[in-house]
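Enquirer: Residue strings, one per chain:
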Amino acid sequence: MKTWKVLPVLLLSCAAGAVSAQTTEVSYLTHWSPETVALLDAAAARFSEQHPDIAITVRAVPFGDLLTTIRSSAGQGAPTISGIYDLWLPELVRDGLVAPAPDSVVADVAAGWPAGIAAAAQVGGTLYGIPNEVNVYALNYNKALFAAAGIDAPPATWDEFTAAAAALTDASTGQQGFGLINSWAAGVVHPFASFLASNGGALITDGVPMLDSVAAGETFALYESLVTNGWAVPAMGTADANTTGPFLDNFVSGKTGMIVMANWWESALRAGMGDGFDQIGTAPIPIGPSGEVASSISYTWQTVVSTSATPEEQAAAWEFLAWLNGEGTGASDASAMSDILMSMGILPSRTSDVTANQDVLGRDFLSGYVSVLENARAFPIVLGGQEFSEALQQTIESLEYGQITAVEAQASIQADAVSILERAAN
Amino acid sequence: MMRRTRSLAPAVMIGPAAGFIGLFILVPTALTIWLSFHDWSAQTPFGTAEWVGLRNYQDIFGELSVGRDFKMALRNTAVYTMLSVVIIVPLSVVLGLIVHQRDVAGGQILRTVLFASYMVPMIAVALVWSKLYSPTEGPLNQMLGWVGIGPQTWLSAPQTALYSLVLLNVWQQIGYFTVLAVAGLTQIPATLHEAARIDGAGPVQGFFGVTLPLMRRTLLFSAVIAIINAVQVFEPVALITQGGPAGSTSVLTWHIRRVGIERSQGGLGSAMAVTLMLALIVTVTAVFALNRRGARE
Numbered sequence: 236m237k238t239w240k241v242l243p244v245l246l247l248s249c250a251a252g253a254v255s256a257q258t259t260e261v262s263y264l265t266h267w268s269p270e271t272v273a274l275l276d277a278a279a280a281r282f283s284e285q286h287p288d289i290a291i292t293v294r295a296v297p298f299g300d301l302l303t304t305i306r307s308s309a310g311q312g313a314p315t316i317s318g319i320y321d322l323w324l325p326e327l328v329r330d331g332l333v334a335p336a337p338d339s340v341v342a343d344v345a346a347g348w349p350a351g352i353a354a355a356a357q358v359g360g361t362l363y364g365i366p367n368e369v370n371v372y373a374l375n376y377n378k379a380l381f382a383a384a385g386i387d388a389p390p391a392t393w394d395e396f397t398a399a400a401a402a403l404t405d406a407s408t409g410q411q412g413f414g415l416i417n418s419w420a421a422g423v424v425h426p427f428a429s430f431l432a433s434n435g436g437a438l439i440t441d442g443v444p445m446l447d448s449v450a451a452g453e454t455f456a457l458y459e460s461l462v463t464n465g466w467a468v469p470a471m472g473t474a475d476a477n478t479t480g481p482f483l484d485n486f487v488s489g490k491t492g493m494i495v496m497a498n499w500w501e502s503a504l505r506a507g508m509g510d511g512f513d514q515i516g517t518a519p520i521p522i523g524p525s526g527e528v529a530s531s532i533s534y535t536w537q538t539v540v541s542t543s544a545t546p547e548e549q550a551a552a553w554e555f556l557a558w559l560n561g562e563g564t565g566a567s568d569a570s571a572m573s574d575i576l577m578s579m580g581i582l583p584s585r586t587s588d589v590t591a592n593q594d595v596l597g598r599d600f601l602s603g604y605v606s607v608l609e610n611a612r613a614f615p616i617v618l619g620g621q622e623f624s625e626a627l628q629q630t631i632e633s634l635e636y637g638q639i640t641a642v643e644a645q646a647s648i649q650a651d652a653v654s655i656l657e658r659a660a661n
Numbered sequence: 003m004m005r006r007t008r009s010l011a012p013a014v015m016i017g018p019a020a021g022f023i024g025l026f027i028l029v030p031t032a033l034t035i036w037l038s039f040h041d042w043s044a045q046t047p048f049g050t051a052e053w054v055g056l057r058n059y060q061d062i063f064g065e066l067s068v069g070r071d072f073k074m075a076l077r078n079t080a081v082y083t084m085l086s087v088v089i090i091v092p093l094s095v096v097l098g099l100i101v102h103q104r105d106v107a108g109g110q111i112l113r114t115v116l117f118a119s120y121m122v123p124m125i126a127v128a129l130v131w132s133k134l135y136s137p138t139e140g141p142l143n144q145m146l147g148w149v150g151i152g153p154q155t156w157l158s159a160p161q162t163a164l165y166s167l168v169l170l171n172v173w174q175q176i177g178y179f180t181v182l183a184v185a186g187l188t189q190i191p192a193t194l195h196e197a198a199r200i201d202g203a204g205p206v207q208g209f210f211g212v213t214l215p216l217m218r219r220t221l222l223f224s225a226v227i228a229i230i231n232a233v234q235v236f237e238p239v240a241l242i243t244q245g246g247p248a249g250s251t252s253v254l255t256w257h258i259r260r261v262g263i264e265r266s267q268g269g270l271g272s273a274m275a276v277t278l279m280l281a282l283i284v285t286v287t288a289v290f291a292l293n294r295r296g297a298r299e
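From first to last, the protein sequence lines stand for chains A and B. Residues in the first sequence are numbered from 236 upward in steps of one, following this note's numbering. Residues in the second sequence are numbered from 3 upward in steps of one, following this note's numbering.
Some hints here could point you the wrong way.
Capping the alpha-carbon separation at 20 Å, the derived lysine to aspartate or glutamate pairs in EDC-like fashion look like this [stated by the list, open to error]:
#1 K133/B - E237/B
#2 K378/A - D405/A
#3 K490/A - D405/A
#4 K378/A - D513/A
#5 K490/A - E139/B
#6 K378/A - E395/A
#7 K73/B - E643/A
#8 K133/B - D484/A
#9 K378/A - D599/A
Don't read these hints as lab results, they were simulated from the structure. Quantities reported herein were computed from a predicted structural model and do not represent experimental measurements.
Construct the complete structure from the given sequences, taking the supplied hints into account.
Expert: Here's what the structure looks like:
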C-alpha cells in the first residue's frame, strides 16, 4: 500500500488516541430508576460541556444488587463513583475500598452541611463521601379511607394508632388497617426503628445494642398485636429487589389504610396513584407509651470514590461530585444533585439546597416529613451494621408471620446483636 | 528410547487438561477449604487471614443468627432440590413419551412449547412469574377464582413461597429434561418393544419392563443434572423474594453471596461453601449408589 494512502489514517488514529488519552473516564454507579438516571445523565452532560476532559458514564443496578456490585467489582472494573447507603461506609472503609475526600471537598462539606449529616460520611474523623439525600420516616395514611372509617385526624399516640388500624381493617374486602413490609431489610427495620424511637427507645447506643429495653419490648408487642388482631396482613406486604411490589400496590390501590415509609417513595406513589395521590396524608410517627415526643429514624446516602481508580480518575470524580453538589449548578441556586433528588421527593441535605427548595419542601406530602426531621434519630452506623439490620429484619418477619412471640423476638435479637457487633469490632 | 517416549506420551496428552482442571478447579477448591478455617475479610489480601480453627463451622451450625440463617438456607435448598428432582424427572419421562409418539396430534407443537420455556432467560421468567404470583392482581389467583378456589399467598407467605419457586423452576426446566428423556427413549431399539408385544406385554408392562430399565442411565444423568441445577438456584431469589418472607426462600447461593460478598465475611462464606460442596458430594454419591443397587437387582 502506498504511503500517501496510509498517512492520513495514521494521523487520524494518532489524533484520536491523543484526544482519548486526554479524556478521563469516570463511571457512576447508582440504584436509581431509569427516569432519574436520565436526569443524572443530563447533569453529567452539562458538566462535560464545561469540562470536556472528563466523561461521565452512569450505570444503574437494582438496589438489592448495589452493595454486591460495589464489592464484587472492586479492582480494575470498579465504578469510580458509587452512591452508597451510609450504613455501608464503615466496612467499605475498613476494607480499603473508598478513598478519603480531598481537602477542598472536606472544607466544602464542613461549610455546607449540618454537622450531624456530615458526620455520617466520616469514619474516624476522616471524610469519605459527599452526603446527598436525607430520608426520614413518617406515617402515610389514606384520607379517603380515614373519612369512610370516621377518623378525623391521623393518630398521635399508639392507642389512637391501634384504634385507627382496627377501624380501617375490613377482612371481607381485603383491606388492612396498617401495612407491614417484608423481604426488604430497610423496609422492615426502619419503620420498626421509627416506632421504637417514637417510644423513647433506640436500637444501638454508643455501640451497645438496646433491644432488651422496655421500650423495645413494647414495640415488639405492638407488632404482635397488629398481626394477631388482623389489623396488618403480612402477606400483603412483600417487597421485591426494586423496593416495589405488593406492599406498594396495596397502598396505592386503597387496600391499606396506613403505612410507615420514607419520603423518597413519593415518586412511586404519584406514578401509581395519579390524581389519587391527593388522598395521601403524612403525619409524625405516633408516640408510644414510653415516649414523650414524636420521633423517627433518618438516614443518609452519599457518593464515594473508589480506591481502585487511578489518581487522575479519582481527581476527576471528586471534581464532578463537587460540581454536582455545588451551589447554583441546578435550578434556582440549588445544586444539580438537589434537582435530581427533589424529582423523586427526596430531601436534599445541603443547607443551601434546603433553603433554595423551601417552597417545594412545604408541599403537603413533604411537609409531614420535614416536620419530623428535627426530632429524628439517625440510624446507627456501626461496623456490622448491615448484618445487624438483616438479623433484625429476620426476627421481625418471624414475628410478623407468627413463628415466634414478641418476647422471644426481643430476647433473640438482643443476643444476636451483641454477638454481631462484638464479632465485627474484633 | 521408544519405551520412554511411550511412557511420556500419556502425560503429555493429559497434561494440558489436567493443568486446566488443577488451576481453575482444584486450586480454588483448596483455597476455599483453607479460608474456611480462617477469619478473613474478602476484600483484603490472603495474608491478613487469621487462623480460627473450626470456629466458622461452629458458628454456621450454632444457635445465633449466623447459624440459624445458614441452617435455614441449607434446609430450604435441600427441600427445593428434592422437590424439583422428584417432579422434574418423572414429568420429563411422561412428556417425553408423549413427544416421542410421532403419530400423536400436536406433538410438534408440544415439543416447541416445552423447549421454548427453557430458552427464555431466567431473569425474564422471574419477573413475569413475580407478576403472575401477585396475591391481589395476579392472573393465577384470578383464574383460581373462576373455578371457585380462593386466592393463594404464593410468594407472600413463608408456607408457600418456596413451593412457588419450585413450580417456577419446574416450568422453566421441564423442556430441557424432556429433551434428555426423548434422547433416552430414542436409544431403545424398537425390536425390544416389538418382542415385548409379541410376548403379550401391555403398554404398562412394556413401560416398566422394557422402557424404564433401559432409560436408567438417562434418568441417572437427568437426576444428577437436576440436583446441580436446583442447588444453584439464584435468580428468582435475587430478583423476586430476596430470601423472604421470613427467610423462607433463602437458599445457599443467595446466603453465601450475602455473607461472603455483601458482608465480606470470607471465612464464614468459605465454610458455608465447603459444607455445600460436601453435601453435594454425599448426595450425588448416594444417587449413584442407589442406581448401582437398582441395576444389580
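Enquirer: Are any of the numbered hints broken by this structure? If so, which, sorted upward?
Expert: Violated hints: none; all satisfied.
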